[in-house]
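Colleague: Going line by line, the protein sequences match chains B and D. The numbers in this note's numbering rise by one with no breaks, and the one at position 164 of the first sequence is 164. The numbers in this note's numbering rise by one with no breaks, and the one at position 91 of the second sequence is 91.
Simulated from the structure, these hints should not be mistaken for lab results. Among the hints, a few may not be true.
Because identical chains cannot be distinguished in the list, a pair is counted as satisfied if it fits within a single copy or across any two copies.
[To be verified] Each computed DSBU-like pair below joins lysine-lysine, with the alpha-carbon atoms no more than 30 angstroms apart: (1) Lys24 / Lys246; (2) Lys66 / Lys266; (3) Lys238 / Lys35; (4) Lys321 / Lys266; (5) Lys35 / Lys178; (6) Lys152 / Lys288; (7) Lys246 / Lys266; (8) Lys310 / Lys35; (9) Lys178 / Lys356; (10) Lys178 / Lys277; (11) Lys66 / Lys277; (12) Lys317 / Lys66; (13) Lys272 / Lys178; (14) Lys176 / Lys310; (15) Lys266 / Lys329; (16) Lys329 / Lys310; (17) Lys279 / Lys266; (18) Lys35 / Lys176; (19) Lys317 / Lys266.
2 protein chains.
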Amino acid sequence: MPVCIIILIILRTDMGYFRENIEKTVGYTPGFQPKAADVVKLNTNENPYPPSPEVIQALTNIDPEKLRRYPQPTGDDFRQAAAQVLSIAPDNIMCTNGGDDMLTIAIRSFCDPLRPLAYPTPTYSLYPVLANIQNAPVAEVPFSNNYELPEKLTNVGAALTIVCNPNAPSATYISKDKLAQLAGNLEGVLLIDEAYVDFAEDNCISLINDFDNVIILRSMSKGYSLAGIRFGFAIACKSLIDGMMKVKDSYNTDAVAVEAATQAIKDQAYFKENVEKVKADRKILTEKLRALGFVVPDSSANFVLAQNPKADEIYNKLAEKNIYVRYFKNLPGLGDKLRITVGTTRQNQALIDALKEILSE
Amino acid sequence: MPVCIIILIILRTDMGYFRENIEKTVGYTPGFQPKAADVVKLNTNENPYPPSPEVIQALTNIDPEKLRRYPQPTGDDFRQAAAQVLSIAPDNIMCTNGGDDMLTIAIRSFCDPLRPLAYPTPTYSLYPVLANIQNAPVAEVPFSNNYELPEKLTNVGAALTIVCNPNAPSATYISKDKLAQLAGNLEGVLLIDEAYVDFAEDNCISLINDFDNVIILRSMSKGYSLAGIRFGFAIACKSLIDGMMKVKDSYNTDAVAVEAATQAIKDQAYFKENVEKVKADRKILTEKLRALGFVVPDSSANFVLAQNPKADEIYNKLAEKNIYVRYFKNLPGLGDKLRITVGTTRQNQALIDALKEILSE
Chain B
1 MPVCIIILII LRTDMGYFRE NIEKTVGYTP GFQPKAADVV KLNTNENPYP
51 PSPEVIQALT NIDPEKLRRY PQPTGDDFRQ AAAQVLSIAP DNIMCTNGGD
101 DMLTIAIRSF CDPLRPLAYP TPTYSLYPVL ANIQNAPVAE VPFSNNYELP
151 EKLTNVGAAL TIVCNPNAPS ATYISKDKLA QLAGNLEGVL LIDEAYVDFA
201 EDNCISLIND FDNVIILRSM SKGYSLAGIR FGFAIACKSL IDGMMKVKDS
251 YNTDAVAVEA ATQAIKDQAY FKENVEKVKA DRKILTEKLR ALGFVVPDSS
301 ANFVLAQNPK ADEIYNKLAE KNIYVRYFKN LPGLGDKLRI TVGTTRQNQA
351 LIDALKEILS E
Chain D
1 MPVCIIILII LRTDMGYFRE NIEKTVGYTP GFQPKAADVV KLNTNENPYP
51 PSPEVIQALT NIDPEKLRRY PQPTGDDFRQ AAAQVLSIAP DNIMCTNGGD
101 DMLTIAIRSF CDPLRPLAYP TPTYSLYPVL ANIQNAPVAE VPFSNNYELP
151 EKLTNVGAAL TIVCNPNAPS ATYISKDKLA QLAGNLEGVL LIDEAYVDFA
201 EDNCISLIND FDNVIILRSM SKGYSLAGIR FGFAIACKSL IDGMMKVKDS
251 YNTDAVAVEA ATQAIKDQAY FKENVEKVKA DRKILTEKLR ALGFVVPDSS
301 ANFVLAQNPK ADEIYNKLAE KNIYVRYFKN LPGLGDKLRI TVGTTRQNQA
351 LIDALKEILS E
């Protein structure tokens, strides 16, 4: 006990306004959002097609009363619509202010200085930022060859393990069987970040019936073209949802966003048509990049990871031509790779044409 | 060092999925949102008038591109418009997903198990809930008579002190001079929660020029009738804003909400007209409640706190008549008081008529 008091005094002597971990943290850097209209923007994994006309219609007809009043706190209109589409119960869903809000809620629910976060790397660079804000230790376990799940992930004593699947930025997919095995071996919670799963051939929702420690993260930003309205959701057994509900802000999703997301998920025909277009264009883009000498793993997402020793130079030359892709220059293992969002057929062709020019210089 | 390891083992033996403080917490209970249309809803401090027609116009004309793309991460359109209206710099503003998001960001920025939160009581019941999620100690210091600032507030060693001003649920106002004195005496940060300040005669924005430890919280929910879109903001010196920006979610405010809030704050004429209507009706409501025997402090907010020994019974009888007010039955000092939102002239009269009936039974 005297030891604790001494530690307290030492820490308090140096106290600034901010917590020390916040002072030291750099913060997350979102992808560059160019303002000019004439750019080819393939850097932040947005859907190249507009949201469902039903969404626009709903916003046009919005009842001013919905703006004036506090929203229903748990987004129940969306929960009911999503539950029907996904064949689960509304109680298995928690609405969030984008997928990032879901990640923040999970890390605040499960992690602290004595309860580490673990994830395979390279992956979404927000995870360590959020762990640092929570002052939680991080166990980064490199993916094995071909982005297979590393066995060591079960041995690091994490309270929360996140697997991004399809993974960003590799676009690779880990099978449901492998993730079921992982969930069974973990003592803590497994969060499967399915932000990009709309473009994959399978998903892990059914695991919530077999495991009380599995959370699925979904986003309306990619498959449903709603990055601007910030809407994501968690899918899990009721006890996990109930616990996380205590951590979320009371009114974390706004009335307009709930309405837009509800209309979007109801319009499955429009959604599926767009997803199929992106998948067809992804195949063509992958083949053309490979033909230009890039090493590109098969993608299960709406982007591809393209390896080339001259990635740095290519990135800068593309930007000069107003073509933006994402380059994680300083992240381990990514210095020779570019993450390229699948755009429209025309945008993808503009990229390929520019790459041909750059590579022939 | 060996002591730390032993503590770790003890804690890990009992580890559930959730952090212990989350398991134990009850969570915040938002005010009841009745679904029926024919109720008199005076329980959650919404503005009785619709938002500016400019807001509705902006939503009707929303560009689908704004929905498809990620929003500008710091809500710069709003920051510029608000900076002009409030005569400050855009750099002094951080946009948040409602005022509650601002509170969450502040508590995550400044508080932890060694850095307590302090506030005078009774006040907004969300503060202790957020501190508990952060596992931060709380120092609750009762207001002195007539809701004056308690002197003891400077002696509790808080990293963050929150003063709700006008205070909820008392609706009372503490002068800028008194808060300046408090800011100067505190070692930590002073957050002045001005969610209701649009209905007061003064505000504390100018303190950010004199103190590097003062944050002002503002909300678009009350004065601007936008509770449904979730939009608040912080006002502070640049160094505090920059630090809190690292803690907020990258895209915490959505493109539609930013557009709605921007149009609302630009329409100052509409805003001022509604505020004056509410203030005029507040005066009449206060007088009529006093005439019925309620003890009601002068209000600087869009609600009044009305004291009556039969508060519990009155609350239930009002609800039976489809008139909803807020009753914090179990909070210290509030068992004999009702918090009543100022509604339209007609809603307020309906309340008074119902009270006359109930009190004459």
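Colleague: Taking each numbered hint in turn, which are not upheld by the structure, reported in ascending numerical order?
Modeller: 4, 5, 6, 9, 14, 15, 18 and 19
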